[in-house]
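Visitor: Given chain A's structure and the hints, the job is docking chain B onto it.
There are 2 protein chains.
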Amino acid sequence: MKDNNFSEWYNEIIEKAEILDVRYPVKGLYIWLPYGLRIRNNIISIIKQILEAHGHEEVLFPLLIPENLLRKESEHIKGFEEQVYWVTKGGDKELNVKLALRPTSETAIYPIVALWIKSHKDLPLKIYQVVNVFRYETKHTRPLIRLREITTFKEAHTFHKSMEEAEEQVKEAIEIYKKFFDKLAIPYMINRRPDWDKFPGALYTIAFDTIFPDGRTLQIATIHNLGQNFSKPFDIKFEKIDGSFDHVYQTCYGISDRVVASVIAIHGDKDGLVLLPDISPYQIVIVPIIYKDSKKIVLENSMEIYKRLSKKYRVYIDLREDETPGSKFYYWEMKGIPLRIEIGPKDIKENVVTIFRRDTKERLKVENDSIEKFINDLFNDIYNNLRSKAWKRFEEKIVRIYSLNDIKSGCVNEINLCGKDSCGKYLEDKTGLRVLGEAIDKKEHGSCIVCKELTDKIYRIAKSY
Amino acid sequence: MKDNNFSEWYNEIIEKAEILDVRYPVKGLYIWLPYGLRIRNNIISIIKQILEAHGHEEVLFPLLIPENLLRKESEHIKGFEEQVYWVTKGGDKELNVKLALRPTSETAIYPIVALWIKSHKDLPLKIYQVVNVFRYETKHTRPLIRLREITTFKEAHTFHKSMEEAEEQVKEAIEIYKKFFDKLAIPYMINRRPDWDKFPGALYTIAFDTIFPDGRTLQIATIHNLGQNFSKPFDIKFEKIDGSFDHVYQTCYGISDRVVASVIAIHGDKDGLVLLPDISPYQIVIVPIIYKDSKKIVLENSMEIYKRLSKKYRVYIDLREDETPGSKFYYWEMKGIPLRIEIGPKDIKENVVTIFRRDTKERLKVENDSIEKFINDLFNDIYNNLRSKAWKRFEEKIVRIYSLNDIKSGCVNEINLCGKDSCGKYLEDKTGLRVLGEAIDKKEHGSCIVCKELTDKIYRIAKSY
Numbered sequence: 001m002k003d004n005n006f007s008e009w010y011n012e013i014i015e016k017a018e019i020l021d022v023r024y025p026v027k028g029l030y031i032w033l034p035y036g037l038r039i040r041n042n043i044i045s046i047i048k049q050i051l052e053a054h055g056h057e058e059v060l061f062p063l064l065i066p067e068n069l070l071r072k073e074s075e076h077i078k079g080f081e082e083q084v085y086w087v088t089k090g091g092d093k094e095l096n097v098k099l100a101l102r103p104t105s106e107t108a109i110y111p112i113v114a115l116w117i118k119s120h121k122d123l124p125l126k127i128y129q130v131v132n133v134f135r136y137e138t139k140h141t142r143p144l145i146r147l148r149e150i151t152t153f154k155e156a157h158t159f160h161k162s163m164e165e166a167e168e169q170v171k172e173a174i175e176i177y178k179k180f181f182d183k184l185a186i187p188y189m190i191n192r193r194p195d196w197d198k199f200p201g202a203l204y205t206i207a208f209d210t211i212f213p214d215g216r217t218l219q220i221a222t223i224h225n226l227g228q229n230f231s232k233p234f235d236i237k238f239e240k241i242d243g244s245f246d247h248v249y250q251t252c253y254g255i256s257d258r259v260v261a262s263v264i265a266i267h268g269d270k271d272g273l274v275l276l277p278d279i280s281p282y283q284i285v286i287v288p289i290i291y292k293d294s295k296k297i298v299l300e301n302s303m304e305i306y307k308r309l310s311k312k313y314r315v316y317i318d319l320r321e322d323e324t325p326g327s328k329f330y331y332w333e334m335k336g337i338p339l340r341i342e343i344g345p346k347d348i349k350e351n352v353v354t355i356f357r358r359d360t361k362e363r364l365k366v367e368n369d370s371i372e373k374f375i376n377d378l379f380n381d382i383y384n385n386l387r388s389k390a391w392k393r394f395e396e397k398i399v400r401i402y403s404l405n406d407i408k409s410g411c412v413n414e415i416n417l418c419g420k421d422s423c424g425k426y427l428e429d430k431t432g433l434r435v436l437g438e439a440i441d442k443k444e445h446g447s448c449i450v451c452k453e454l455t456d457k458i459y460r461i462a463k464s465y
Numbered sequence: 001m002k003d004n005n006f007s008e009w010y011n012e013i014i015e016k017a018e019i020l021d022v023r024y025p026v027k028g029l030y031i032w033l034p035y036g037l038r039i040r041n042n043i044i045s046i047i048k049q050i051l052e053a054h055g056h057e058e059v060l061f062p063l064l065i066p067e068n069l070l071r072k073e074s075e076h077i078k079g080f081e082e083q084v085y086w087v088t089k090g091g092d093k094e095l096n097v098k099l100a101l102r103p104t105s106e107t108a109i110y111p112i113v114a115l116w117i118k119s120h121k122d123l124p125l126k127i128y129q130v131v132n133v134f135r136y137e138t139k140h141t142r143p144l145i146r147l148r149e150i151t152t153f154k155e156a157h158t159f160h161k162s163m164e165e166a167e168e169q170v171k172e173a174i175e176i177y178k179k180f181f182d183k184l185a186i187p188y189m190i191n192r193r194p195d196w197d198k199f200p201g202a203l204y205t206i207a208f209d210t211i212f213p214d215g216r217t218l219q220i221a222t223i224h225n226l227g228q229n230f231s232k233p234f235d236i237k238f239e240k241i242d243g244s245f246d247h248v249y250q251t252c253y254g255i256s257d258r259v260v261a262s263v264i265a266i267h268g269d270k271d272g273l274v275l276l277p278d279i280s281p282y283q284i285v286i287v288p289i290i291y292k293d294s295k296k297i298v299l300e301n302s303m304e305i306y307k308r309l310s311k312k313y314r315v316y317i318d319l320r321e322d323e324t325p326g327s328k329f330y331y332w333e334m335k336g337i338p339l340r341i342e343i344g345p346k347d348i349k350e351n352v353v354t355i356f357r358r359d360t361k362e363r364l365k366v367e368n369d370s371i372e373k374f375i376n377d378l379f380n381d382i383y384n385n386l387r388s389k390a391w392k393r394f395e396e397k398i399v400r401i402y403s404l405n406d407i408k409s410g411c412v413n414e415i416n417l418c419g420k421d422s423c424g425k426y427l428e429d430k431t432g433l434r435v436l437g438e439a440i441d442k443k444e445h446g447s448c449i450v451c452k453e454l455t456d457k458i459y460r461i462a463k464s465y
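Same order as they appear, the protein sequences are chains A and B. Everything in the first sequence is counted per the numbering used here, starting at 1 for the first residue and increasing by one. Everything in the second sequence is counted per the numbering used here, starting at 1 for the first residue and increasing by one.
Same shape as in the complex, but just chain A (with noise of 0.2 Å):
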C-alpha cells in the first residue's frame, strides 16, 4: 500500500504505531502519543548534540510576541501577517498591547540580543531554541507536515562582524543540517529558493528537501542569510576593533516536525514503521518463546540477556502472557523496533540466540557469547542499509530534463532556468510543480527551458507539499 497510496499509509501509520492522536477537536493540533513523543525527542537530542559541538547554545525566549515588535521589520511582518494568532484579552480585559504567538521567533530574540551585543568581542553569537510556534494555516492540514502548532521547531540564530562571515554560518549551517540528515539516513537535495519563496526578511533561503514516496518533495530544513535586514531596525550595533560601529549580519536557520515525518516515510514500508537504531524508543525487543514445558529456564534466560543488553541498549521484553509470539513479531515490526531477539527452548539447548532484523527481515542464529558484538555491527549495517536503500529510491525519482514537454509532474526535474523570475513563474503556472530553485551543488551548459538564454544554472521543479 505504501507505493500505492502513500497518504492512507502514512495516516494509517501515524496511528497504527501511536505516533500522534489526530482527534484532537482543533485543525492541524495534534496530539504526540508516548512511542511517537520518544522518537521525536531523540532526534532533537541528535540536532542539539550538533549544534552544540558547533558552538551553539541553547535558549529559551517567550512565546508571547507584542505586537510593535512582531511589525518592526516589515518585510518580515507582510509573509506572516495572515498566518499570526493574535492574543488579544487576558480573563475578561482587552489587552492594551496585542500579543502574537510566535510564528517563529526573530522579533522576539533581536531586540534582547540588541542589549548582549556591545562590541566585536561578543561576535559571533550563536544560540538556538526548540520551541512550539503557531501557524494560522488556512491550507489543508497534515500530522507533522503542515500544523497549526509546530511543536517542535529548533529556530538557530547566528550575529556577525561581517557578511562573509555570515556567508561562512551559512555554509556551517549547511554542513550542520548534512550531519543530521546524514545521521537520519534521510536523503536531501540543496536548493537556494527562488526570490518569491524566501523567508520574509531574508537576502536569500537556502533548503533542504527531501522526496517523499509519492513523489512530492518536502522542505525539511531552510537556512537564511538575513544580512543587515533586521539589525537596523532591531539596531544591534557593536563596535568594531577601529572603533567605529556597524550593526551585525545575520543568519537564521531551523527544522520542524517535518523530520519526524521523513524518518516514517522515507524509512517505513508496507509493514510499518522501520526505525533507526539511534532513534527508536527500544533498539531491540526480546520475545521469549514460551511452551509449557520450558516457560521457566526460557524466561530465567530470556531475563538473563535482557539484563545483559540493557546495559547497552535499550532493550524492552515483551512478557505478555495474552498474546502469541507470532502476533507479538507483527506488532514490534510494525513498530519499526530495529532488532527482535527470539529466545526458545531450541536456542537454549544450541547456545544461540535468534535475531530478527526489521529492515531486511532476516533472521539469524547468533552465538551467546558474542550477542553484543554482533548487535553492534548489525546496527551499523542497518544504517547502512536504511541509508543507502532511501537514496536509491531519491535518485530514481530525479530526471533530468531538456524541453517543457518531456516535464514529469511525479519526479524531481532538474532542467537549465536562466534564474529571472518571470520564467521562473511562467514555468510555474505552465506546470502546476513549484520551483524549489537552483541546485547550490550541481551546474551544467545549457540554455533556460523557457527563454532559450544560455545558462550553466540547474533548477529543480517539483510537485510540493
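Calculated from the structure, these hints are not laboratory results. Some clues are possibly wrong.
Where chains are identical, the list cannot tell them apart; a pair therefore holds if satisfied intra-copy or between any two copies.
[Said to hold, decoys possible] 25 Å max Cα-Cα, derived PhoX-like pairs, lysine-lysine:
| # | residue 1 | residue 2 |
| --- | --- | --- |
| 1 | K126 | K16 |
| 2 | K307 | K48 |
| 3 | K237 | K118 |
| 4 | K463 | K392 |
| 5 | K72 | K89 |
| 6 | K373 | K312 |
| 7 | K121 | K16 |
| 8 | K72 | K126 |
| 9 | K463 | K425 |
| 10 | K93 | K328 |
| 11 | K171 | K126 |
| 12 | K463 | K16 |
Since we're looking at a predicted model, the values are computed, not measured.
Guide: Then chain B, alone, in the frame of chain A:
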C-alpha cells in the same frame, strides 16, 4: 546581603549568574539564558527519570484549548477564568471559537483520554507532560516565582478504577516529590490545603511548601485528588470486571519553574549560586595557574586532567588569557560550580591538584592518582552538607505556637486549628498570614487557637509568596 535583603539578592543573582534575562518587554515573561537553561534542563531530567521509574509515560498535548472544553467543568473554569489568555484572531479574521492558552491541561487532555480508556484493563493510566502554560497574573510578577508564561510546567495526570486507587496514587505522588526534592536537597513540609484554597475542581489538594530565606513559604508542588469531578463532565468511563460501567477516578500533580527558584534561593550564599553536582551545568571547573616560566607544563598537565575527568564528569577548563586566576575564582564561585581544580607548577611538582569546594570554601590537596575516587566521595559530601544545612535553616524557621498573640510573621507557625473554614479565615484576617493547611505528617492534642475546640490537627500558617 542574602539574609538582610533576600529579594535584592535574588534579583541580582538571577542576573549575575546568567539564569534569566529579565528585560523582555512584556510583564511576567523572561528569557532563559544558556547557563540557567542547563540547570533547568538537568532538573527536568531528574523528575522525568523518577516519573518514568514510577510508570508514567510522556505525552504532549496542544497549547490551545477551545472555549467549550475549558468551560466544561464549572468549578475549574471559575478558578481560572480571570487568568486565561484568549486567542481571538487568526490573521485579521475573528476565530469562530475562542482558544485559551492552557493555564493547565486538564481540559485539553481529558476529552482525548476519554477515547483511550475503554475497560478496567486500560487502568491505571499515568501520563505526564512538560510544557509552557499561561496565567494572566495581575499580581506582582517575579522571575521563576510568579510568571505569565510558566515555561516549565510538569503536569502528571492519572486515571484509576476506584477511589482507593486514586488515594494510593496521591501517596505515590507524595513519594515521587519527596524523592525529587530530596535529590535537590530542598526541604519541604506537606500541607493539605484548606478547602477555599484547593485546585479548582479538585476534591482536595496536597501541597509541598518550602521556606525561603526571607521566611516566606513557596508552594513548590501540588497534588490533587480529582475524584470523579472531571471524569463525569468529560465522560471518561470504563467497563468494570462485572460488565457495568463507572467513571474513572483521577489525580493530577505538578511542579514548575519554582523548583529552579528554590534551588537558587535555598542553597545560594552571599557569593552567589551554590549548585549541587547533579544539576550544575559543569560539575568541575579547572583553572590552570599560569606563570611565564611554567606555562607550557601547566597547560599540558591541565589539559591531561581535563581530558581524564571529562570521561566521567561535566568539566570546563577556563583557558581565558585576559583574566587572572583570582577573577576566574570569583566568577565560577558566583556561578556556583561545586568544585574547582587549581593546577599550578607547585602542584605538578608534588604530583597533586588543589581542589576547592564551593559549599564550604575549603581547599584540599589531592594526589593525582586518586582524584576520581576523591571527587566521587566529595560529591556525596557536598550533597549531604547542602542538604543538612538547608534542613537546619528550614527547621529554625518553624515555630510551635499556642496563642494568637505569639504568632510570628517571619516564621511558619504550627498551631492547633479545628479545621472549620470560619476559624481559618478568622486567623488569616487577624494575622495577615496565609493558612497553608493541615500538616499531613503531624498531629498533637490541643485546642483550636481560635475557637478553643479540642483537636489534634496541626495547621501551618505563614507569610507566603
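Visitor: Would you mind marking each hint as holding or not holding in the structure?
Guide: How the hints compare with the structure:
{"no.": "1", "hint": "K126 with K16", "verdict": "between (40 Å within a copy, 21 Å between copies)"}
{"no.": "2", "hint": "K307 with K48", "verdict": "between (30 Å within a copy, 22 Å between copies)"}
{"no.": "3", "hint": "K237 with K118", "verdict": "within (7 Å within a copy, 60 Å between copies)"}
{"no.": "4", "hint": "K463 with K392", "verdict": "within (20 Å within a copy, 68 Å between copies)"}
{"no.": "5", "hint": "K72 with K89", "verdict": "both (22 Å within a copy, 20 Å between copies)"}
{"no.": "6", "hint": "K373 with K312", "verdict": "both (11 Å within a copy, 24 Å between copies)"}
{"no.": "7", "hint": "K121 with K16", "verdict": "between (53 Å within a copy, 19 Å between copies)"}
{"no.": "8", "hint": "K72 with K126", "verdict": "within (22 Å within a copy, 45 Å between copies)"}
{"no.": "9", "hint": "K463 with K425", "verdict": "within (14 Å within a copy, 68 Å between copies)"}
{"no.": "10", "hint": "K93 with K328", "verdict": "neither (55 Å within a copy, 50 Å between copies)"}
{"no.": "11", "hint": "K171 with K126", "verdict": "within (14 Å within a copy, 45 Å between copies)"}
{"no.": "12", "hint": "K463 with K16", "verdict": "neither (28 Å within a copy, 52 Å between copies)"}
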